[in-house]
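Participant: Chains D and F supply the protein sequences, listed in that same order.
Under this note's numbering, think of the first position of the first sequence as 1, with each following residue one higher.
Under this note's numbering, think of the first position of the second sequence as 1, with each following residue one higher.
Worth flagging that the hints you see were computed from the coordinates, not collected in a lab.
Even for Gly, the Cβ is constructed at its ideal location relative to N, Cα and C.
Check each hint, because a few of them may be wrong.
[Unchecked claim] Below, a list of computed lysine-lysine pairs in the BS3-like style, where the Cα atoms sit at most 30 Å apart:
id, chain 1, residue 1, chain 2, residue 2
1, F, Lys48, D, Lys19
2, F, Lys361, D, Lys39
3, F, Lys69, D, Lys56
4, F, Lys340, D, Lys19
5, D, Lys61, F, Lys181
[Claimed, not checked] Per the computed footprint, the stretches of chain F lying under chain D, defined by three or more beta-carbons under 8 Å from a beta-carbon of chain D, are:
id, region
6, 109-119
7, 164-176
8, 210-224
9, 259-267
10, 276-284
11, 312-319
12, 338-346
[Unchecked claim] Facing chain D, according to a computed beta carbon distance under 7 Å, are these residues of chain F, among others:
id, residue
13, Ala125
14, Glu371
15, Leu400
16, Trp402
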Amino acid sequence: MARLEVLNPVAQTVQHSVKPAPRLTTFQGATLGLYWNMKAGGDAALDRTEALLHEKFPGMKFRRYIGSVGWLMRHCTAEDADRIASEVDAVVGTTAD
Amino acid sequence: MVELERRGVPTVLFTAQTFVHDAHRSAASFGLAGLPLAVVPLPFTNQKPEDVQRMAERAFEQVVAGLTKPVDARPVAPPPPLEDRFAYDGSDLLDAWSHMHADFLRRGWSDGFPLVPATPRAVEAMLRGTPRSPGDVVATLEPGFGIATVEKLAINAVMAGCGPEHLPLLMTAVRCLAEPKMYIRNKAMSTGPHAPLVLVNGPKGRVANVNAGMCALGPGAPSASNTVLGRALRLVMMNVGHTYVGVSDMDTIGSPLKYACCCAENEAESPWEPYHVTRGFAKDASTVTVHFVYGMCELHDFRSTTPEDLVAVFATAATNVAQVGTGLWLIGRRADPRTKTEEREHNTLFICPEHAQIFAKAGWGRREIQEALYRAARLPFKTMMLNKEPKAMAAAHPELAWLADHPDLPLPVVEDPGCFDLAVVGAAAGRGAYFYGAGEPVTLAVED
């Protein structure tokens, strides 16, 4: 019998922690942000989501967002996030695939 | 989305089934396990609008639930193992090693090739390649925010087959990956085949036997250092940066360049100052440059004897609209939203010594080649936009809306002549390489 001992190659990670936001209790009168990172097709999904929400909750308002930096994918900066957070009650996003 | 949750805004994210695990792991790495998703069967890309809308309809209840139901923030994956070492038993050492290899494959810690066992003695020997302490932190590596200690880099270097002489070069390459300008998160987690092309300049590359000549990017004994150094960087991306296939590396097809893509510049046969001097370093400095690339194309030309003819041939490689970076400037710049560092899309050319001599004899330096390529590598606006989102161009460059009325106007494939990076690599015969880049290269000095 033989024993081979090797060292662990996997790094420990820096841990981040974010508390989830309180969820909505009602959609009535809520303002919803629709965030698109400009990856193909995402805008069509948000169009349909807006139409369905509007149908079901007629009092809702909607605002469209894209990130202020980027290329194929436009990203939200901290300032973008601050602005969005000050303007809407919730966000539906299409940010990748 | 996590940043909005942090600010008290509930969110839900459309995600294709294939990317659910990736989305959860990514959100968890930013601190929010259980980010609500509205899962759709396919990515929205390459779908007709009516098909996307149908998928959105079917996911509507998930959208409502994601915004109203409590978030299940349980961890999505076990934390990295805390053990310092692992033991494998077998009928002999080779049998024990085969068990180690099978276990590492099962855990996802291997690139697929057999690994050199990182025994305590082998790692101790590797650590003699640097004066730094094993516990020193070289960098924090995204996307997993892995803590790249000298020891973890040494362990992965051993596994790749490196010697102590390679460790300082690997540590420098890892620092390049961690530079904010690199925005590695974008490249490591993409569906694209981003491979770190590593170019070594200066005396420390020669000490480490990094090949700059024949078959510098290929297999064989002369390129043994190139192979193990490039391989080590990939293993570090995996085991330190936590870039694991199917977990965070969502590469659609992959690329053999991702196993190892490393060489030195052939400074001895270059008619110009070394590449790293163009990046602001002293001639006698040792540097490592990392440029993520999508792929490469041969620059074959046995016939041309003038710079103009060579550039005309090279420009045909540069005008490949199927490559992400071609004309990408029209829709913005790669940018990390956290640091707001922006990257122009660069492409790297390896010019063989014979071609370099043709340019040099005519009095051309790098700048002349870059400018000539910039003029020659052009495509009609309508061709450049074939695979680009017009709304993205409207957002990035509203001042260029007039181009819509000039679809046949030729435009440069990059935003500046400096976006072509030129290094002399290889041996005799007129063959170079054009690397389709992803963002900008990063060059750093090798530390003593």
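Participant: A separate judgement is required for each hint: does it hold in the structure or not?
Facilitator: Verification of the hints:
no. : hint                 : verdict
1   : Lys48(F) x Lys19(D)  : violated, 37 Å
2   : Lys361(F) x Lys39(D) : violated, 47 Å
3   : Lys69(F) x Lys56(D)  : holds, 18 Å
4   : Lys340(F) x Lys19(D) : holds, 25 Å
5   : Lys61(D) x Lys181(F) : violated, 38 Å
6   : 109-119              : holds (count 4)
7   : 164-176              : violated (count 0)
8   : 210-224              : violated (count 0)
9   : 259-267              : violated (count 0)
10  : 276-284              : violated (count 0)
11  : 312-319              : violated (count 0)
12  : 338-346              : holds (count 3)
13  : Ala125               : violated, 12 Å
14  : Glu371               : violated, 24 Å
15  : Leu400               : violated, 14 Å
16  : Trp402               : violated, 21 Å
Hint violations for this structure: numbers 1, 2, 5, 7, 8, 9, 10, 11, 13, 14, 15 and 16, all remaining hints satisfied.
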